[in-house]
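**Student:** Sequence:
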Amino acid sequence: MDTDSIVRGISAGDQRIIARAISIIEEDNDRSYDIIRSIYGMTGRAHIIGITGPPGVGKSTMIGVLSRKLTEMGKKVSILAVDASSPFSGGTILGNRIRMQDTLSRYGIYMRSVSNRGMTGGLSRSTWNIVKVLDAAGSDFIIIETVGAGQSDIDIVYLADTVIVTLAPGLGDSIQAIKSGMMEIGDIFVINKMDREDSFFALKDIMDNVYERNGWMPRVVGTNSLKAEGYDDLIKAIGDHQKFSEMNGDKRRIRYREEVRLALSRIVDRQVWKEFGKILQSGEIDAYYDDHIDPNTVATEIFMHNGEMPQGHSVEKRIGF
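Residue numbers for the sequence shown follow the numbering used here, so the first one is 463 and each next one is one higher.
Fair warning: there could be bad hints in the mix.
Claimed, not checked - Restricting the straight-line Cα-Cα distance to at most 30 angstroms, the calculated cross-link-like pairs of lysine-lysine (BS3-like) are:
id: 1; residue 1: K531; residue 2: K736
id: 2; residue 1: K713; residue 2: K538
id: 3; residue 1: K705; residue 2: K740
id: 4; residue 1: K736; residue 2: K698
id: 5; residue 1: K698; residue 2: K531
id: 6; residue 1: K705; residue 2: K689
id: 7; residue 1: K531; residue 2: K740
id: 8; residue 1: K689; residue 2: K531
id: 9; residue 1: K666; residue 2: K713
id: 10; residue 1: K538; residue 2: K666
id: 11; residue 1: K538; residue 2: K689
id: 12; residue 1: K537; residue 2: K713
To be verified - So the derived label-pair ranges between C-beta atoms look like this:
id: 13; residue 1: I747; residue 2: R658; range: 55 to 61 angstroms
id: 14; residue 1: M669; residue 2: A474; range: 31 to 37 angstroms
id: 15; residue 1: T759; residue 2: R719; range: 32 to 38 angstroms
id: 16; residue 1: A481; residue 2: I747; range: 25 to 31 angstroms
id: 17; residue 1: N676; residue 2: P757; range: 37 to 43 angstroms
id: 18; residue 1: R493; residue 2: K740; range: 23 to 29 angstroms
id: 19; residue 1: R493; residue 2: I716; range: 53 to 59 angstroms
id: 20; residue 1: M679; residue 2: R714; range: 17 to 23 angstroms
id: 21; residue 1: T505; residue 2: S744; range: 23 to 29 angstroms
id: 22; residue 1: D752; residue 2: R714; range: 49 to 55 angstroms
id: 23; residue 1: T505; residue 2: S577; range: 21 to 27 angstroms
id: 24; residue 1: A725; residue 2: M679; range: 17 to 23 angstroms
id: 25; residue 1: S473; residue 2: S577; range: 41 to 47 angstroms
By construction, these hints were calculated from the structure, which means they are not laboratory data.
Where a beta carbon is used, it is the ideal one built from N, C-alpha and C, also for glycine.
Given only the sequences and the hints, what does the whole structure look like? Please build it.
**Tutor:** Encoded structure:
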């Protein structure tokens, strides 16, 4: 299928072609960037919601309820679940997401699970471009679920228009959020599982510690996903932040800069591999392993010699062998 056909299918909201396009995007090759260039003018309408939080707080259930509620309001919703291949809890996460996908497809909600492609907890470059595909396909809301670990929290701040930090009572999440810096990334804080006895203490902990950032006072909402309670308040908070974001376009400008940085990084990576890949794949470099020379010194020498192995044992001479 050629690029023009794929672009037409994305524009028409054809889920089969959208799935095909995402598979191409995940390959992160020249064809994937042809697609992005072709659809870029069709993007920018969707409101991107990033949902993060520690495991066990009920993010997937919450996303299921929220997406159904938005669909009932006549909104087109897509879900991107990142890092289904987690080596620690991947089996459970993936199983939950497959069941969730089967349920949501009945509501016309498109869901896709993607790997972080070895980005150490962060979002892969392809994730950003997959969002572009879902945006061009006419989504009103794109919900991105991350596992809530380290770099993914930082990345989601750049990618999402609204960041929702999800916590649960009884797990020490509220105290941990205050200590770990999660208070700095959330536009909305959700205390899920409000049916628990200590839920109001967790709610109060967060309410006492939120503070205004860049003109926005983060909202704190309590939900009970099993009974779909509290979602009117959550949707109102999302709507309020969406209006705020539309009036203040700084976040999208920052996102654009980050996207350019990622594109530059991709170009540099490819050029580095083109220049230095041959020597990395050769057995010549093993001699320096045998001599126990540190990788930074070897890499510096290779770089200075334009991808060629240093002649005359310059590495050994430089470090005093």
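**Student:** Against this structure, judge whether each hint is valid.
**Tutor:** Quick rundown of the hints versus the structure:
no.: 1; hint: K531 <-> K736; in the structure: violated, 49 angstroms
no.: 2; hint: K713 <-> K538; in the structure: holds, 23 angstroms
no.: 3; hint: K705 <-> K740; in the structure: violated, 52 angstroms
no.: 4; hint: K736 <-> K698; in the structure: violated, 50 angstroms
no.: 5; hint: K698 <-> K531; in the structure: holds, 12 angstroms
no.: 6; hint: K705 <-> K689; in the structure: holds, 28 angstroms
no.: 7; hint: K531 <-> K740; in the structure: violated, 53 angstroms
no.: 8; hint: K689 <-> K531; in the structure: holds, 13 angstroms
no.: 9; hint: K666 <-> K713; in the structure: holds, 28 angstroms
no.: 10; hint: K538 <-> K666; in the structure: violated, 34 angstroms
no.: 11; hint: K538 <-> K689; in the structure: holds, 23 angstroms
no.: 12; hint: K537 <-> K713; in the structure: holds, 23 angstroms
no.: 13; hint: I747 <-> R658: 55 to 61 angstroms; in the structure: holds, 56 angstroms
no.: 14; hint: M669 <-> A474: 31 to 37 angstroms; in the structure: violated, 45 angstroms
no.: 15; hint: T759 <-> R719: 32 to 38 angstroms; in the structure: holds, 34 angstroms
no.: 16; hint: A481 <-> I747: 25 to 31 angstroms; in the structure: violated, 41 angstroms
no.: 17; hint: N676 <-> P757: 37 to 43 angstroms; in the structure: holds, 41 angstroms
no.: 18; hint: R493 <-> K740: 23 to 29 angstroms; in the structure: holds, 25 angstroms
no.: 19; hint: R493 <-> I716: 53 to 59 angstroms; in the structure: violated, 29 angstroms
no.: 20; hint: M679 <-> R714: 17 to 23 angstroms; in the structure: holds, 20 angstroms
no.: 21; hint: T505 <-> S744: 23 to 29 angstroms; in the structure: violated, 42 angstroms
no.: 22; hint: D752 <-> R714: 49 to 55 angstroms; in the structure: holds, 52 angstroms
no.: 23; hint: T505 <-> S577: 21 to 27 angstroms; in the structure: holds, 23 angstroms
no.: 24; hint: A725 <-> M679: 17 to 23 angstroms; in the structure: violated, 34 angstroms
no.: 25; hint: S473 <-> S577: 41 to 47 angstroms; in the structure: violated, 27 angstroms
In terms of the numbered hints stated before, the structure departs from hints 1, 3, 4, 7, 10, 14, 16, 19, 21, 24 and 25, listed from lowest to highest.
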